[in-house]
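This is what each chain is made of:
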Amino acid sequence: MFGYVNIVKDDLTVREYYLFRAYYCGLCKELGHQFNNRVKIGLNYDMVFLALLLDSLTETIPKAEPIFCVLHPIHKRSALVQSSSLEYASFMSVLLTKSKLDDDKTDDGRNLKNLIGSILYHSAFKKARKPHEKTYEQICHHLDKLYKLEKQNCAIFDEVADQFGEVMRVIFTPEFIPESAQESLSALAYQIGRWIYILDAFDDLIDDYTKKRYNPLILQYAFSERDQTIEDFSQFVKGEITNSLDHTLAQIALLSGKIPFLKNKGILFNIFYLGMPQKQRQILERKKNKHE
Amino acid sequence: MNNPYEVLGVNESATDEEIKRAYRALAQKYHPDKYVNNPLASLAEEKLKEINEAYTAINQQRKSGTSHTQSYNNDQTYNSSYAGSGSSNSSYVQIRTILQQGRNDEAISMLDGMPNHDAEWFFLKGTAYYQKGWFDQALSHISNASRMDPTNIEYRTALSRITGQNNSYRNMQGGYGSNDACRCCTQIYCADCCCEMMGGDLIPCC
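Protein sequence lines, in the order shown, are assigned to chains D and S.
Numbering-wise, this note's numbering puts 289 at position 289 of the first sequence, and it's gapless, one number per residue.
Counting from 1 along the second sequence, just add 292 to a position and that's the residue number in this note's numbering.
Because the hints were derived from the structure by calculation, they are not lab data.
Honestly, I wouldn't trust all of these hints.
[Claimed, not checked] BS3-like cross-link-like pairs, simulated, lysine-lysine; straight-line CA separation at most 27 Å:
1. Lys100/D with Lys40/D
2. Lys145/D with Lys326/S
3. Lys424/S with Lys145/D
Next up, chain D with everything else stripped away, as it sits in the complex:
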């Protein structure tokens, strides 16, 4: 996961911003509580979004507790506690990081980085897998398909992104969410996964080219060194995929309106309508700074 799904802080109310931060700190704390402090390095905004989204489907008012944190030693921060969605998101975070480490291993051979990663995650993974065996199997099933497509040099980005969308579908529809939300949530998750994958492929385009790694966009739009530079090519690809990405965002916005959220609507719509489009612009314009 890549941390692409995030808020636009400037457009939230202060209360909403603190609440969002409490979800973030809550998930971090939950990771430490359920597993150990080492797995906290796998924490990212996509997983916070998962916790937030699932929690928004329940009516319970989240409980917050002030906590001490090494990263913010001066002031205590409030973190949410005792939420089934935080617990679920922490388990998914471990499972996903683990499957990503396994993928890197087959990609680059054994290197030091993922050796350390595997050791750090070993015990946590064993614990995380047990209650979610079926989910993990489904995730692996789609990821395997995805890696297979990558190995076969699949040149249709819709097709590769499809598998990542399916992974998100699995993760975003645990059994504890109400049945009335299942269908639209599943469709929403699929579009989000697809959006993340395509955007990430564009983000890595130049890097993948220099390192001679697989990238669906390079293959689909058939880059040839003789005709243009990789930078010009990237500009061209940007024009080609913008429509498709915009369409995906439009679908996300449309689907989000169909989900019966019971709370946190302000934060969620901030993400769907502002955060994701902003991230897309930043990636497409290749802007590294946060503020346009």
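Chain D is fixed; fit chain S onto it per the hints.
Below, chain S alone, put in the same frame as chain D:
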């Protein structure tokens, strides 16, 4: 054809929801996947076809009977194209029915099995991709269809829907918080950052 209500085993007074449920249960029962290497496969296939036809017939009857106002949701746009003269090929009609029920993968595999790729083929495949969420493939297939048969209004409408929906999204964004307001906020924020760098503070809370 038999009475479609009898085929699905429901009363004529059944609600749409009940019919849908009955249809789904039957479709699952006779799904070809369940009859792999089974001598009854062809029988099941025939039965499934009958069920599909009955379901479509009921839906059409009810739609034309209950409301004449055409709302433009997905289900009905494909419905309206039935009247179009373009679908002379019977398997295209069948594929349209399947698409209408949202069984996109099935439609795609049927299309892949066809040897001739004419404009209608590209249009249907593009539609399947569109419903699936594969917008890039949808765009290229439907533009192909439109190029091959530029006079077809249905293809052209679909094409402009694909390229045009983004505008509605941008409008929605505008309603939420216009771009200019956004930029204004960020500028203030930047100013705040600069001030903080020099030791002052424009916005005390961040």
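Of the hints stated earlier, which fail here? Violated hints: none at all, because every hint is consistent with the structure.
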